[in-house]
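In case you want the letters, here they are:
Protein chains: 2
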Amino acid sequence: MKNDRFLRALQRQSVDVTPVWMMRQAGRYLPEYRETRRRAKDFMTLCQTPELACEVTLQPLARFSLDAAILFSDILTIPDAMGLGLYFSEGEGPCFERPVRTQADINKLGVPDPNDALRYVMDAVSLIRRELAGQVPLIGFSGSPWTLATYMVEGGTTKNFSKIKGLMFEQPQVMHTLLDKLAQAVTAYLNAQIAAGAQAVMIFDTWGGILSTRDYLQFSLHYMQQIVEGLSREYEGQRIPVILFTKDGNEWLEQIAATGCDALGLDWKLPISMARKRVGSQVALQGNMDPCILYASPKRIREEVATILASFGKGNGHVFNLGHGIHPNIEPEHVNAFIEAVHTLSVPYH
Amino acid sequence: MKNDRFLRALQRQSVDVTPVWMMRQAGRYLPEYRETRRRAKDFMTLCQTPELACEVTLQPLARFSLDAAILFSDILTIPDAMGLGLYFSEGEGPCFERPVRTQADINKLGVPDPNDALRYVMDAVSLIRRELAGQVPLIGFSGSPWTLATYMVEGGTTKNFSKIKGLMFEQPQVMHTLLDKLAQAVTAYLNAQIAAGAQAVMIFDTWGGILSTRDYLQFSLHYMQQIVEGLSREYEGQRIPVILFTKDGNEWLEQIAATGCDALGLDWKLPISMARKRVGSQVALQGNMDPCILYASPKRIREEVATILASFGKGNGHVFNLGHGIHPNIEPEHVNAFIEAVHTLSVPYH
Chain A
815 MKNDRFLRAL
825 QRQSVDVTPV
835 WMMRQAGRYL
845 PEYRETRRRA
855 KDFMTLCQTP
865 ELACEVTLQP
875 LARFSLDAAI
885 LFSDILTIPD
895 AMGLGLYFSE
905 GEGPCFERPV
915 RTQADINKLG
925 VPDPNDALRY
935 VMDAVSLIRR
945 ELAGQVPLIG
955 FSGSPWTLAT
965 YMVEGGTTKN
975 FSKIKGLMFE
985 QPQVMHTLLD
995 KLAQAVTAYL
1005 NAQIAAGAQA
1015 VMIFDTWGGI
1025 LSTRDYLQFS
1035 LHYMQQIVEG
1045 LSREYEGQRI
1055 PVILFTKDGN
1065 EWLEQIAATG
1075 CDALGLDWKL
1085 PISMARKRVG
1095 SQVALQGNMD
1105 PCILYASPKR
1115 IREEVATILA
1125 SFGKGNGHVF
1135 NLGHGIHPNI
1145 EPEHVNAFIE
1155 AVHTLSVPYH
Chain X
815 MKNDRFLRAL
825 QRQSVDVTPV
835 WMMRQAGRYL
845 PEYRETRRRA
855 KDFMTLCQTP
865 ELACEVTLQP
875 LARFSLDAAI
885 LFSDILTIPD
895 AMGLGLYFSE
905 GEGPCFERPV
915 RTQADINKLG
925 VPDPNDALRY
935 VMDAVSLIRR
945 ELAGQVPLIG
955 FSGSPWTLAT
965 YMVEGGTTKN
975 FSKIKGLMFE
985 QPQVMHTLLD
995 KLAQAVTAYL
1005 NAQIAAGAQA
1015 VMIFDTWGGI
1025 LSTRDYLQFS
1035 LHYMQQIVEG
1045 LSREYEGQRI
1055 PVILFTKDGN
1065 EWLEQIAATG
1075 CDALGLDWKL
1085 PISMARKRVG
1095 SQVALQGNMD
1105 PCILYASPKR
1115 IREEVATILA
1125 SFGKGNGHVF
1135 NLGHGIHPNI
1145 EPEHVNAFIE
1155 AVHTLSVPYH
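Residue numbers (the numbering used here), protein chains in the order written: chain A, 815 to 1164; chain X, 815 to 1164.
Extracted from the complex, chain A is given alone in its bound form (with noise of 0.2 Å):
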């Protein structure tokens, strides 16, 4: 490994300066995924062509000086492989062909081998390391089972969330079902792409904060809980670190700390030194820039940065990141501006 340096932070191991990657770093905001994507059939087809898929995750490694890498793919190719028609309709986001809404619904969903109806990702896991050549680490990564949930239970996208609460409220215990099989499968998914290469592994909770701090705990935590527990912590001998990510979750940092996961992702909505004080001596924080900081001069970026590496101070265990995934109309010379303000500004803090 020539850069190994997110690796060591997330194990809050020094390094010389603070890794930095972006949620999102392969995609709309880069003219050439743009090009690819237009020569894809759709954007399943992208996530599905190992070729393609690695051609997307390298492409911000060509422009930027990031850490690492993460596998460019979607975070409903589970519900998908189970059998439920995932399609994308413009304008609306993820849908699904045949939601799920009952105990019969449910008991009709099989664990999904993950090297069988997923094997194009471990495809995509495979190529990615071995063009990478040992240059930055690989991250592979899956929606949380109370996520995949939100969206088999809708259907696609909501506001309101009034299916997969209704059905949350009214039958718990199918719910809890649902959500069993989802902890399985996820957890079968990410131990094959370690297996297939993936040197750390993230667990986006992206609707994990809709919820109460009671649901919270019994409806996605304890599954995430369930699935960091059941991962290859270890393979070939290397440690095989773990983030959790609950948007909108910062209530609940000292729980997801608990849960024995080497790093927790973090919006922007708290200052970092107060994250830090709060859990820091457990585990890595990897974040927590306003994506949208990145519409500002670079300037602003590189004083927007500083102010970040401060509130984190000396010490190990900080991944730079943005809080949320980069928005697609962002220019890629300010990108530029921030990964290098990263390594730049924080080498006195190392």
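Keep in mind that the hints were calculated from the coordinates and are not lab data. Note that this is a predicted model, so its numbers are computed, not measured. Be careful, since some hints might not be right.
Identical chains blur together in the list; that is why a pair holds if it fits in one copy or across any two.
Capping the alpha-carbon separation at 20 Å, the derived lysine to aspartate or glutamate pairs in EDC-like fashion look like this [claimed, not checked]:
(1) LYS1113 x GLU945
(2) LYS1128 x GLU1050
(3) LYS977 x GLU1147
(4) LYS1091 x GLU1065
(5) LYS995 x ASP894
(6) LYS973 x GLU1145
(7) LYS973 x GLU906
Starting from the known structure of chain A, fit chain X onto it as the hints suggest.
Same frame as chain A, now just chain X:
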């Protein structure tokens, strides 16, 4: 006043049972609302015709034993009165024909005289007060300066907040001149509502929660504080309580309570016991049931009401409410079960 529980609870005085109302209680879940809405040319006509606004405001009170009425209006009346040209486009929500993007745009904006351009709101308030005939108190409201600015700069609803945050990060001083003007406008607007008959006022900070702590304090809370200080807190010998509600603002409850407001609106993410522990000696608390509970059965609704009442515990200062506006596809009978449960189950706590 036949029923002053709501006003007493906001002032943390003793009550016989916990008062309850619902955000968006006059709305689409009611067939009679949909009927009135059909008769109006469009949504703004409903807001701008005092007889219709009054009719709609009173509809939920005819069905349910609610302890307060809230003026039926829109949060964007002020920017509309400033000349931005508010319209509602199907599926896209509110839009402005002439968004505000530069210092020159802001310089052109006047602070609207609430008794002129917003006369229709004051007429609605007076008419509703007359029709209520002391049955329950009437709540007036406004959007917060930051929330109004968000729509004014973006030109409508947004997912990324790129324009408002771009402006805030790059030209904070320009942003401040807009927010200062809006704080003056909101203060005048709410004071006029009080003079017209509003017996409590609420400020909805729908978008404060997208900010970091630093930015929230400077760009949102600072201006709400300015408004709280400028309001007529007593009118004709009656105390006029002020409720502040920042959606997704649980991180800042202490700072919001310190503005000198009378009550905080709460979403459902935090147990109300914890909110009470943090700020309960300074302010009353309004909330905090997940509106999605109303999708569940009346039995489940009662259980949830019982849980929240027990979480708040004995003592004064609780106004029961949903943590967000009621969803449009809720069964009115479920609402009735909810309201009845609050009144009957809260007796032992008083």
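Original post:
At most 20 Å between C-alpha atoms: does LYS973 with GLU1145 qualify within a copy, between copies, both, or neither?
Top reply: between (29 Å within a copy, 18 Å between copies)
**OP:** First find the shortest C-alpha distance between LYS1091 and GLU1065 inside one copy, then the shortest across copies, and answer within, between, both or neither for a cut-off of 20 Å.
**Re:** Cα proximity of LYS1091 and GLU1065: in one copy and across copies (14 Å, 15 Å).
Original post:
When no copy is named, should LYS1128 and GLU1050 be tagged within, between, both, or neither for a Cα gap of at most 20 Å?
Top reply: neither (32 Å within a copy, 58 Å between copies)
Subject >> 20 Å Cα threshold - placement of ASP894 relative to LYS995 >> reply: within (14 Å within a copy, 51 Å between copies)
Original post:
How do LYS973 and GLU906 come out at 20 Å by Cα distance, when the copy is not named: within, between, both, or neither?
Top reply: Both ways: LYS973 and GLU906 sit 12 Å apart in one copy and 13 Å across, limit 20 Å.
**OP:** Please work out whether the CA atoms of LYS977 and GLU1147 approach to 20 Å or closer within one copy, between two copies, in both situations, or in neither?
**Re:** This pair counts as between: shortest inter-copy Cα distance 18 Å, intra-copy 42 Å.
**OP:** Tell me, please, which holds for LYS1113 and GLU945 at an alpha-carbon limit of 20 Å: within, between, both or neither?
**Re:** For LYS1113 and GLU945, the Cα distance exceeds 20 Å both inside one copy (34 Å) and across copies (58 Å).
Going through the hint list in order, the structure does not satisfy hints 1, 2.
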